[in-house]
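There are 2 protein chains.
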Amino acid sequence: MGDQQEPSVEKLSVEDSNGAPEDDVVDPWTVTSTSDSGVDYDKLIKRFGSSRIDDALVERLEKVAGKPVHPLIRRGIFFSHRDLHTLLNMVEAGKKFYLYTGRGPSSDSMHLGHLVPFIVTKWLQEAFDVPLVIQLTDDEKTLWKDLTVEQSMKMARENAKDIIAIGFDVNKTFIFANLDYMGRCAAFYQNIIRIQKCVTFNQVKGIFGFGDSDVIGKIGFPAAQAAPAFSTTFPFIFGSDKLPVLIPCAIDQDPYFRMTRDVSPRLGFPKPALIHSSFFPALQGAKTKMSASDANSAVFLTDTPKQIKNKINKHAFSGGKPTLEEHRQFGGNTEIDVSFQLLRFFLEDDEELEKIRVSYSKGELLSGEIKKIAIETLQPIVADHQVKRKDVTDEILEQFMTPRKLNYECSVKKGK
Amino acid sequence: MGDQQEPSVEKLSVEDSNGAPEDDVVDPWTVTSTSDSGVDYDKLIKRFGSSRIDDALVERLEKVAGKPVHPLIRRGIFFSHRDLHTLLNMVEAGKKFYLYTGRGPSSDSMHLGHLVPFIVTKWLQEAFDVPLVIQLTDDEKTLWKDLTVEQSMKMARENAKDIIAIGFDVNKTFIFANLDYMGRCAAFYQNIIRIQKCVTFNQVKGIFGFGDSDVIGKIGFPAAQAAPAFSTTFPFIFGSDKLPVLIPCAIDQDPYFRMTRDVSPRLGFPKPALIHSSFFPALQGAKTKMSASDANSAVFLTDTPKQIKNKINKHAFSGGKPTLEEHRQFGGNTEIDVSFQLLRFFLEDDEELEKIRVSYSKGELLSGEIKKIAIETLQPIVADHQVKRKDVTDEILEQFMTPRKLNYECSVKKGK
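Line by line, the protein sequences are chains A and B.
Position 291 of the first sequence, counted from 1, bears residue number 291 in UniProt numbering, the numbering being contiguous throughout.
Position 122 of the second sequence, counted from 1, bears residue number 122 in UniProt numbering, the numbering being contiguous throughout.
Take the hints with a grain of salt, since some may be wrong.
Remember, identical chains collapse to one label, so a pair may be satisfied in a single copy or spanning two.
BS3-like cross-link-like pairs, simulated, lysine-lysine; straight-line CA separation at most 27 Å [said to hold, decoys possible]:
no. : residue 1 : residue 2
1   : K145      : K205
2   : K242      : K145
3   : K271      : K145
4   : K242      : K154
5   : K161      : K390
Worth flagging that the hints you see were computed from the coordinates, not collected in a lab.
Construct the complete structure from the given sequences, taking the supplied hints into account.
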């Protein structure tokens with residue numbers, strides 16, 4: 001809540017310690033770090049057993065896609081993967097796949113960070129020309145939050161409009177909310193039961209940390225997030241084809257897909273491939289993920305230009321030095337400076353970003369100045385989103401959310 | 001498997017012990033007793049906390065229904081209840097209610113015992129002219145048995161045809177199988193989530209004995225059996241009315257509804273009322289419930305007259321004495337004699353039944369003779385069922401299983 005433009009000595013001292021923080025917490029419900037530069041992703045890769053997206057993989061991705069990768073991949077914001085090489089092998093062999101991503105709708109309005117997986121998903125969809133399914137876990141939100149079924153369902157629809165405004169192609173994209181879609185297609189529940197038959201309480205206890213006092217809805221829920229990784233959950237798109245899937249998501253969602261990858265071969269499906277993003281920093285710094293329930297922790301997609309300006313000026317954690325003299329002498333720290341991090345996510349021009357980084361690190365660019373650049377970069381992005389969001393009518397929403405054929409030709413006849 | 005016409009000394013000795021067996025097991029998956037007369041129902045009522053259906057309640061039921069109760073109630077085969085007085089109060093006050101019963105379809109063919117709850121349900125439906133919903137828990141069978149989703153779904157449809165052949169009125173009856181209906185009406189899943197939000201693993205552990213190595217599908221399943229006790233699970237019948245429900249079922253299903261009754265007030269619904277039946281004896285004796293997976297343990301609805309004759313002659317546990325002389329002197333024991341028990345369930349004429357009881361107890365009627373009566377009583381019932389079953393076409397099945405209005409007028413407009 002307080003003005004955090006001036007980093008305290010304590011905060012700066014984190015830089016000096018070479019040891020990574022011992023107690024990052026990363027699971028689908030909690031992301032916290034003790035370091036101002038945020039979660040230690042190298043450690044996380046080791047802990048989760050995923051693989052780093054290295055230069056060779058980026059290069060290969062560009063080769064197969066036939067175009068430069070999206071800045072969010074190039075800049076290492078998508079930093080980790082599972083089986084992306086295997087997926088690219090299949091693509092090169094002429095096999096089809098589809099994309100699956102999602103969102104837990106816990107508030108009417110999304111913030112900028114929520115866009116990140118969708119932006120890369122859109123890039124992937126266009127690069128590979130593949131169908132995409134987007135899950136809104138309104139059931140999860142009812143189970144975990146103080147939200148009724150009705151409230152969660154309403155939020156899912158509002159969030160879907162924001163997602164559509166990103167520019168997905170209605171001919172290639174199916175958006176569904178669990179509390180609604182479950183009643184539209186029995187294949188969804190049937191796959192959930194198949195998955196729930198393969199996973200014990202002991203396993204979800206180990207993966208998600210569930211305990212005896214958790215409600216049974218939570219214990220069963222992971223199967224609902226796993227099911228869309230099985231193409232037969234969408235018979236109207238894929239018939240009975242058992243297709244490979246690529247799942248772009250923030251790394252806190254990985255536990256769901258570790259479980260899914262365990263189950264896949266037992267149900268005769270290929271293991272889903274994943275690419276993981278790092279976390280978008282809260283305005284108050286990278287120690288926490290942004291929270292949709294704290295209006296001051298993030299730039300929201302509904303914010304006015306003035307609100308964006310005030311939020312960043314007032315709340316964006318600064319990597320600058322306490323005094324002008326010190327800043328000029330020692331330079332700012334772009335690793336922890338939230339304004340710079342925002343630019344890393346949303347400023348498309350690589351050269352300009354590098355210029356800013358060098359200039360801020362040298363102390364030429366001041367805290368107030370880098371904030372101004374961040375504000376002026378984000379304001380038009382948010383304003384543009386609002387214009388596009390306004391065009392998303394209930395009719396368009398219905399189109400996206402109606403089970404239907406997409407631009408995919410089934411290899412075999414549709415099953416029942 | 002062996003010929004059990006001649007009770008062993010060990011079996012007879014059970015009679016002598018006055019103490020009830022200490023280790024009856026009664027839960028939705030296991031029913032065993034150490035006594036030849038079967039489960040100790042008085043103890044069960046105490047243990048479960050339900051109430052005995054006494055003469056006063058039977059009398060009241062007849063008064064409100066305006067006709068004599070069904071023999072299965074009059075003879076104490078339906079022996080226990082929860083809140084039936086409360087339900088009758090509401091009926092007398094002019095309030096509406098509905099009936100809910102069900103079946104777990106674990107084999108293509110049902111046996112005679114499976115008919116029992118449905119026969120009484122039909123009597124209740126006709127006596128009170130109320131809508132009825134019948135759940136087939138094919139999801140449960142997939143989770144508990146070595147059955148695929150497809151196999152369970154097929155069995156559900158086959159069982160539904162047997163249920164329809166009992167003579168339910170299509171204008172008042174909706175039959176649904178979970179693995180199919182879940183995809184036809186989102187209200188079902190929405191109520192499941194509401195229920196699953198109210199129940200912890202600790203609770204289902206206590207109620208059902210689930211453990212950490214159980215699959216998560218089992219842990220979540222009780223909510224699927226609870227949901228039809230909430231009238232909003234069927235918006236096409238009841239709109240948004242929150243109606244009282246009466247559930248006729250075998251007493252091993254009571255744990256599900258204890259859980260349901262716990263949740264109901266929290267979701268703004270009246271607690272379901274219940275009437276419980278005792279168990280239909282296996283041919284081998286009342287120590288176990290019949291098993292649909294053991295062809296010799298029961299008379300099946302698909303059996304030929306000859307099969308019925310052979311099964312009863314060969315396998316029906318006898319309460320007669322080992323020798324003709326002893327039998328003439330001491331008489332048979334109708335409490336443990338399976339043929340007599342079959343007559344108690346299926347011989348409609350009270351006077352004739354009493355004559356048989358007295359005559360067999362005195363040793364006038366012999367084992368072979370009572371078996372003959374049982375055979376001749378069951379043969380036409382099964383043959384008649386087969387004739388009616390043949391008339392149940394796929395079209396009629398579809399009618400029963402299609403979500404639609406029944407003969408119920410909603411008190412308020414349908415919600416979404």
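Cross-check of the supplied hints:
1. K145 <-> K205: both (20 Å within a copy, 24 Å between copies)
2. K242 <-> K145: between (34 Å within a copy, 25 Å between copies)
3. K271 <-> K145: Classified as between; 26 Å across copies, 31 Å inside a copy.
4. K242 <-> K154: For K242 and K154, the Cα distance is within 27 Å only across copies (23 Å; inside one copy 32 Å).
5. K161 <-> K390: within (9 Å within a copy, 52 Å between copies)
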